[in-house]
Amino acid sequence: MSTYKEIRGLKVRDYTTNPDNPIEGQLWYNETDNVTKYQIPNLLGTWATGGSLNQSRTAMGAAGTQTAGIVAAGHISPANTNKVELYDGSSWTETTDVNTTRRELGGSGTTNTEVLVFGGDTSTGSTGQTAVTESWNGSSWTEVGDLNTGRQGPGDTNSAPYTATLAFGGGVSSPQGNPTGKTESWNGSSWTEVADLNLAKRFSGSAGALQTAAIIAGGNGGSPIDTIQNDAETWNGSSWTEISNLNTARTQTTGYGTSTEAIITGGWPTPASAGLKTERWNGSAWSEENNMLDNAYGRASGGSYTAGLSSGGIVGGSSVTTTSEWTVTTNQGAWASGGDLNTARSLLGSAGLQTASLAFGGGVPSGTAVTESYNGSSWTETADLNTGRLSAHSFGAVYTAALLSGGTPGPRPAMTVATETWNGSSWTEVGDMNVSRIYGSSSKYGTTTAGLAFGGETAPGSAQATNESWNGSAWTEVGDLNTARSSCLGGAGISTSALAFGGGSVANTESWNGSAWTEVSDLNTARNYMGGAGVSNTAAMASGGTPPITGKTETWNGTSWLENGDLSTVRNELAAAGNTTDGIAFGGAVPSKSAATEEWSSTSSSTKTISTD
Amino acid sequence: MAKTYQYCVAENWGKGFIDHDESWRITFKGYPGNVWQVPAYNKHGNLWIAKVAGAVKTKDEAQAIVDAEVQAAQAAWDALPEDQKTDTNPRPADITLEE
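Sequences listed follow chains A and B, in order. Residue numbers for the first sequence follow this note's numbering, beginning at 1 and rising by one. Residue numbers for the second sequence follow this note's numbering, beginning at 1 and rising by one.
Incorrect hints may have been included.
Only pairs whose alpha carbons sit at most 27 Å apart, straight line, appear in this in silico DSSO-like list of lysine-lysine [as the list claims (entries may be wrong)]:
| id | chain 1 | residue 1 | chain 2 | residue 2 |
| --- | --- | --- | --- | --- |
| 1 | B | LYS29 | B | LYS43 |
| 2 | B | LYS51 | B | LYS85 |
| 3 | B | LYS15 | B | LYS57 |
| 4 | A | LYS608 | B | LYS29 |
| 5 | A | LYS552 | B | LYS15 |
| 6 | B | LYS85 | B | LYS15 |
| 7 | B | LYS57 | A | LYS552 |
| 8 | B | LYS85 | B | LYS3 |
| 9 | A | LYS37 | B | LYS3 |
| 10 | B | LYS15 | B | LYS29 |
| 11 | A | LYS608 | A | LYS552 |
| 12 | B | LYS57 | B | LYS3 |
| 13 | B | LYS57 | B | LYS29 |
| 14 | B | LYS57 | B | LYS43 |
| 15 | A | LYS552 | B | LYS43 |
| 16 | B | LYS15 | B | LYS43 |
| 17 | B | LYS29 | B | LYS51 |
| 18 | B | LYS43 | B | LYS85 |
| 19 | B | LYS57 | A | LYS608 |
| 20 | B | LYS51 | A | LYS608 |
| 21 | A | LYS37 | B | LYS57 |
| 22 | A | LYS37 | B | LYS59 |
| 23 | A | LYS37 | A | LYS552 |
| 24 | B | LYS57 | B | LYS85 |
| 25 | A | LYS608 | A | LYS37 |
| 26 | B | LYS43 | B | LYS59 |
| 27 | B | LYS59 | B | LYS29 |
For the record, the hints were derived by calculation from the structure and aren't laboratory data.
Next up, chain A with everything else stripped away, as it sits in the complex (with noise of 0.2 Å):
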């Protein structure tokens, strides 16, 4: 991130409202507010501190993962060492020496139990180039094949298979020390030598998960020999390509990621800060993200470009024990006030999107029938259901076609298997679900024709697991959830790609192909009665919920939850619809009934309100 913007202009314009499309850095005086706002980009990834390691140390080889690391040989001031660390995503524990005592050598692996690591320098003043590489298992180094070419500071693929990858560039012993772009690929047993860099260069940062597809930047190179580049290029599996160059022109930096998505970060010269430095490479351009906490150069780093990891490395001339975890946090969004709806309630069903959505139902306490529409500012009353209820499965992607089906009109044990559609005036019955229940939820983005409702209970305490799908004119069951659940587990997508999380007071979350839910990565917190919205089993979010009671938002970019701005009306048993960039959240229970409406954005850049908050 760019640390200063010049403000350029000669006239100060007043807005009673704020632009519709400021740019990044764009300042104005709203007079409405008697405030000055200001445009900024979205925050996508920052630094946190880790574990750290036993021992100052620098030029290290490493590779794995944020959660599973480990740092091979370098230097512990005043000489090179062959100790090794494994890191757990919380703290790092000495492990087996590697064989060959050296500093400034290659890594690679996918975590910290299969590592290769190659080349270095077995002398302090760059005059012991090796070739040796070793083998890790995870409990012991065995000596393998050496490289071709004997090196330091080479480039690697550090998140690659420790048995298929790559060592490209460094430092050669003839004419000593000078940069080298020979490129070998390694085969499991045997280096091979393939085309070579366009510009050699040493101690570049590197990135590659695959052997065939890697990226270098920065290092020395060039002419003047050594001179300090911010030179970029990819492999292909074939041949190297130049690309766009670094920001920052450094060496001594350190990389991980992949080809197409890589983090560069830290390096000398420091007195121009390239040590604070992080640039994400995005497979057509490089950005400056968040800086690094500290101003180093030396570090070791690995994992990928949404969970990295980066430790060790010189700062003021002394090496240092500091380990920074990496973490991206994309879809920064948050909630804004929107119109009340006329009738509070819980419970409810919605359907629609953040300027055209629809409430319904919902306990008041009791069932109630009432339908609201959302206009993106208000809500006004329209036909009722043929069945007042609560805590029903409901989806619809328009609020023009919309499905309400099961729940009770309260109290229980009363519950109705009775289905109604919503055709943007009227409600009409159609076919029951096959197993009546409460507290279950949906593919919310599904339509009148196509979606599940999943999950539930038929009686307290009889979590279940029942998937029932929707075909316009049936249910018929289909795969069930792995984990039975109730108390109002959150939903999203489509009859074909939907996600299940939550509820039943678990984190868990399953994702279904439209034929078998399969488990994938927890919430952040675990947690009942959400608003759960999204438009597949890629794109979902999670907001609100119990216990105990939260405003906590969460979305799902298909891998994994991210945790973003909180609701402002902490609740649960809330309504939620809409997709992960333009959402909607309504009514709920704060413990009383709620008509409170918020509105989800989430965009490439925000609006601040300066302030000395």
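Chain B: place on chain A using the hints.
Just chain B, lined up with the frame of chain A:
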């Protein structure tokens, strides 16, 4: 002149010393001697200093701590054999803290 940054001394205990929420809200810079720079007149910076029980230092006090660390590293570097004073092991540079 109003200052932009404030400084404190706090030992990095590892995981949780700076968490992602704090890192998202304010910009940290770590310096030798466990010196940390955070924004001045900022409640999130103040809350973080309180969390880590940081000893608040003036800029001059923090500069003195950093200088001592760097000068020690420079002396160690100066004492190295000439063959270890390579381009990959540059002499530690002076660090000037910002106001």
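To see whether the hints hold, each was checked on the structure:
1. LYS29/B / LYS43/B: Within the cut-off at roughly 17 Å; holds.
2. LYS51/B / LYS85/B: Roughly 41 Å separates the two Cα atoms, so the pair is violated.
3. LYS15/B / LYS57/B: OK: LYS15/B and LYS57/B at ~24 Å, within 27 Å.
4. LYS608/A / LYS29/B: holds, 23 Å
5. LYS552/A / LYS15/B: holds, 23 Å
6. LYS85/B / LYS15/B: Since the Cα atoms of LYS85/B and LYS15/B sit roughly 34 Å apart, the hinted pair is violated (cutoff 27 Å).
7. LYS57/B / LYS552/A: violated, 36 Å
8. LYS85/B / LYS3/B: violated, 38 Å
9. LYS37/A / LYS3/B: Holds, at about 22 Å.
10. LYS15/B / LYS29/B: At roughly 17 Å apart (the allowed maximum being 27 Å), LYS29/B and LYS15/B satisfy the hint.
11. LYS608/A / LYS552/A: Roughly 21 Å between the alpha carbons, so the hint for LYS608/A and LYS552/A holds.
12. LYS57/B / LYS3/B: holds, 13 Å
13. LYS57/B / LYS29/B: holds, 15 Å
14. LYS57/B / LYS43/B: Roughly 17 Å between the alpha carbons, so the hint for LYS57/B and LYS43/B holds.
15. LYS552/A / LYS43/B: OK: LYS552/A and LYS43/B at ~22 Å, within 27 Å.
16. LYS15/B / LYS43/B: holds, 22 Å
17. LYS29/B / LYS51/B: Holds: LYS29/B and LYS51/B sit about 17 Å apart, inside 27 Å.
18. LYS43/B / LYS85/B: Not OK: LYS43/B and LYS85/B at ~44 Å, beyond 27 Å, violated.
19. LYS57/B / LYS608/A: Not OK: LYS57/B and LYS608/A at ~30 Å, beyond 27 Å, violated.
20. LYS51/B / LYS608/A: holds, 26 Å
21. LYS37/A / LYS57/B: The hint is violated at about 32 Å.
22. LYS37/A / LYS59/B: violated, 31 Å
23. LYS37/A / LYS552/A: holds, 26 Å
24. LYS57/B / LYS85/B: violated, 34 Å
25. LYS608/A / LYS37/A: holds, 6 Å
26. LYS43/B / LYS59/B: Judged against 27 Å, a Cα distance of about 19 Å means the pair holds.
27. LYS59/B / LYS29/B: holds, 14 Å
Of the numbered hints given earlier, the model fails hints 2, 6, 7, 8, 18, 19, 21, 22, 24; all others are met.
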